[in-house]
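First to last, the protein sequences are chains A and B. Under this note's numbering, the final residue of the first sequence carries the number 111; numbering is consecutive throughout. Under this note's numbering, the final residue of the second sequence carries the number 226; numbering is consecutive throughout.
Treat the hints as calculated values from the structure; they're not laboratory data. Just so you know, even glycine gets a beta-carbon here, dropped at the ideal spot from N, CA and C. Among the clues, some could well be false.
Dumping the calculated DSS-like pairs for lysine-lysine here, alpha-carbon to alpha-carbon at most 27 Å [said to hold, decoys possible]:
{"#": "1", "chain 1": "A", "residue 1": "56", "chain 2": "A", "residue 2": "71"}
{"#": "2", "chain 1": "A", "residue 1": "5", "chain 2": "B", "residue 2": "155"}
{"#": "3", "chain 1": "B", "residue 1": "155", "chain 2": "B", "residue 2": "120"}
{"#": "4", "chain 1": "A", "residue 1": "5", "chain 2": "A", "residue 2": "54"}
{"#": "5", "chain 1": "B", "residue 1": "168", "chain 2": "A", "residue 2": "5"}
{"#": "6", "chain 1": "B", "residue 1": "120", "chain 2": "B", "residue 2": "168"}
{"#": "7", "chain 1": "A", "residue 1": "37", "chain 2": "A", "residue 2": "56"}
{"#": "8", "chain 1": "B", "residue 1": "155", "chain 2": "A", "residue 2": "71"}
{"#": "9", "chain 1": "A", "residue 1": "71", "chain 2": "A", "residue 2": "54"}
{"#": "10", "chain 1": "A", "residue 1": "71", "chain 2": "A", "residue 2": "37"}
{"#": "11", "chain 1": "A", "residue 1": "68", "chain 2": "A", "residue 2": "54"}
{"#": "12", "chain 1": "A", "residue 1": "37", "chain 2": "B", "residue 2": "168"}
{"#": "13", "chain 1": "A", "residue 1": "37", "chain 2": "A", "residue 2": "54"}
{"#": "14", "chain 1": "B", "residue 1": "125", "chain 2": "B", "residue 2": "155"}
{"#": "15", "chain 1": "B", "residue 1": "120", "chain 2": "A", "residue 2": "37"}
{"#": "16", "chain 1": "B", "residue 1": "125", "chain 2": "A", "residue 2": "37"}
{"#": "17", "chain 1": "A", "residue 1": "5", "chain 2": "A", "residue 2": "71"}
{"#": "18", "chain 1": "A", "residue 1": "110", "chain 2": "A", "residue 2": "5"}
{"#": "19", "chain 1": "B", "residue 1": "155", "chain 2": "B", "residue 2": "168"}
{"#": "20", "chain 1": "A", "residue 1": "37", "chain 2": "A", "residue 2": "68"}
{"#": "21", "chain 1": "B", "residue 1": "155", "chain 2": "A", "residue 2": "68"}
Partial list, computed: chain B residues near chain A (C-beta under 8 Å) [claimed, not checked]:
{"#": "22", "residue": "142"}
{"#": "23", "residue": "201"}
{"#": "24", "residue": "207"}
{"#": "25", "residue": "213"}
{"#": "26", "residue": "218"}
Here are some chain A residues the structure puts well away from chain B; computed CB gaps all over 10 Å [what the hints assert, rightly or not]:
{"#": "27", "residue": "6"}
{"#": "28", "residue": "17"}
{"#": "29", "residue": "26"}
{"#": "30", "residue": "44"}
{"#": "31", "residue": "67"}
{"#": "32", "residue": "74"}
{"#": "33", "residue": "81"}
{"#": "34", "residue": "110"}
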Amino acid sequence: DQQVKQNSPSLSVQEGRISILNCDYTNSMFDYFLWYKKYPAEGPTFLISISSIKDKNEDGRFTVFLNKSAKHLSLHIVPSQPGDSAVYFCAASNNAGKSTFGDGTTLTVKP
Amino acid sequence: NAGVTQTPKFRILKIGQSMTLQCTQDMNHNYMYWYRQDPGMGLKLIYYSVGAGITDKGEVPNGYNVSRSTTEDFPLRLELAAPSQTSVYFCASSSGTGGMNTEAFFGQGTRLTVV
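All chains should be built: construct the whole structure from the sequences, respecting the hints.
This is the structure we're talking about:
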């Protein structure tokens with residue numbers, strides 16, 4: 001049973017517009033959520049995170065929203081840039097230090 | 112400023128052969144992880160370690176072994192390679208557990224093909 005789901009395998013947006021990537025989880029014991037970005041032939045790199053005690057965290061063009069009651073989080077990128085084209089992984093962790101990853105969403109930002 | 116270094120980057124193995132994927136980190140992180148990523152899928156945890164001398168199984172440990180004799184190194188051993196082990200392997204490390212300590216730093220990956 002997949003505990004972290006990213007239901008959209010791909011997303012295409014126009015440069016300058018907003019990109020919204022979604023993630024759902026099932027385990028209520030998760031207390032920290034992370035987004036990673038991955039370019040081809042590279043390892044994932046950390047992008048932004050949020051604790052379960054918050055509902056929003058912002059870092060420049062990137063904002064993560066957490067809705068605990070719905071077990072849902074989303075990553076907003078505004079404005080989207082062609083360099084944002086990559087695979088985005090949602091991950092959730094508990095205090096055991098292990099993260100569970102979703103299958104990823106491939107974002108394409110068109111110039 | 113190396114971070115997490117994996118070797119080799121690419122490898123082709125024949126069925127039944129064995130090999131060791133090397134991973135080393137220079138950030139003095141206690142936690143280290145091995146993941147595999149199959150095409151179109153997310154990262155599945157193979158093994159992890161919370162410190163030197165301590166290892167534990169992840170979601171998909173069958174066919175693999177690990178050791179952690181030092182803080183820096185966390186090699187992954189494949190004893191009898193099978194086609195199902197064709198994948199991209201990522202090593203990662205983090206400073207600990209809880210909050211920002213959970214943020215993991217990844218190596219560039221090893222693309223393994225078993226034929």
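So, going through the hints one by one against the coordinates:
1. A:56 - A:71: holds, 14 Å
2. A:5 - B:155: It holds: about 13 Å lies between the C-alpha atoms, which stays within 27 Å.
3. B:155 - B:120: holds, 19 Å
4. A:5 - A:54: Holds, because 21 Å separates the two Cα atoms, which is no more than 27 Å.
5. B:168 - A:5: holds, 22 Å
6. B:120 - B:168: Within the cut-off at roughly 24 Å; holds.
7. A:37 - A:56: Between residue 37 (chain A) and residue 56 (chain A) the Cα gap is close to 19 Å, so the pair holds against 27 Å.
8. B:155 - A:71: At roughly 21 Å apart (the allowed maximum being 27 Å), residue 71 (chain A) and residue 155 (chain B) satisfy the hint.
9. A:71 - A:54: holds, 13 Å
10. A:71 - A:37: With Cα atoms ~21 Å apart, residue 71 (chain A) and residue 37 (chain A) stay inside 27 Å; holds.
11. A:68 - A:54: holds, 9 Å
12. A:37 - B:168: holds, 25 Å
13. A:37 - A:54: holds, 22 Å
14. B:125 - B:155: Satisfied, since the Cα-Cα distance of roughly 23 Å is no more than 27 Å.
15. B:120 - A:37: holds, 20 Å
16. B:125 - A:37: violated, 32 Å
17. A:5 - A:71: The hint holds at about 11 Å.
18. A:110 - A:5: holds, 25 Å
19. B:155 - B:168: This hinted pair holds, its Cα atoms lying about 11 Å apart.
20. A:37 - A:68: holds, 23 Å
21. B:155 - A:68: holds, 24 Å
22. 142: holds, 5 Å
23. 201: holds, 5 Å
24. 207: Nearest chain A Cβ about 7 Å off; hint holds.
25. 213: For residue 213 (chain B), the interface hint holds, since the closest Cβ of chain A sits about 5 Å away, which is under 8 Å.
26. 218: Since chain A brings a Cβ to about 5 Å from residue 218 (chain B), closer than 8 Å, the hint holds.
27. 6: The claim is violated: residue 6 (chain A) sits with its nearest Cβ about 8 Å from chain B, within 10 Å.
28. 17: At roughly 26 Å from the nearest Cβ of chain B, residue 17 (chain A) sits farther out than 10 Å, so the non-interface label holds.
29. 26: Since the minimum Cβ distance to chain B is about 15 Å, residue 26 (chain A) lies beyond 10 Å and the statement holds.
30. 44: Given a closest Cβ separation of 5 Å, the condition is violated.
31. 67: At roughly 20 Å from the nearest Cβ of chain B, residue 67 (chain A) sits farther out than 10 Å, so the non-interface label holds.
32. 74: holds, 17 Å
33. 81: holds, 23 Å
34. 110: holds, 22 Å
Hint violations for this structure: numbers 16, 27 and 30, all remaining hints satisfied.
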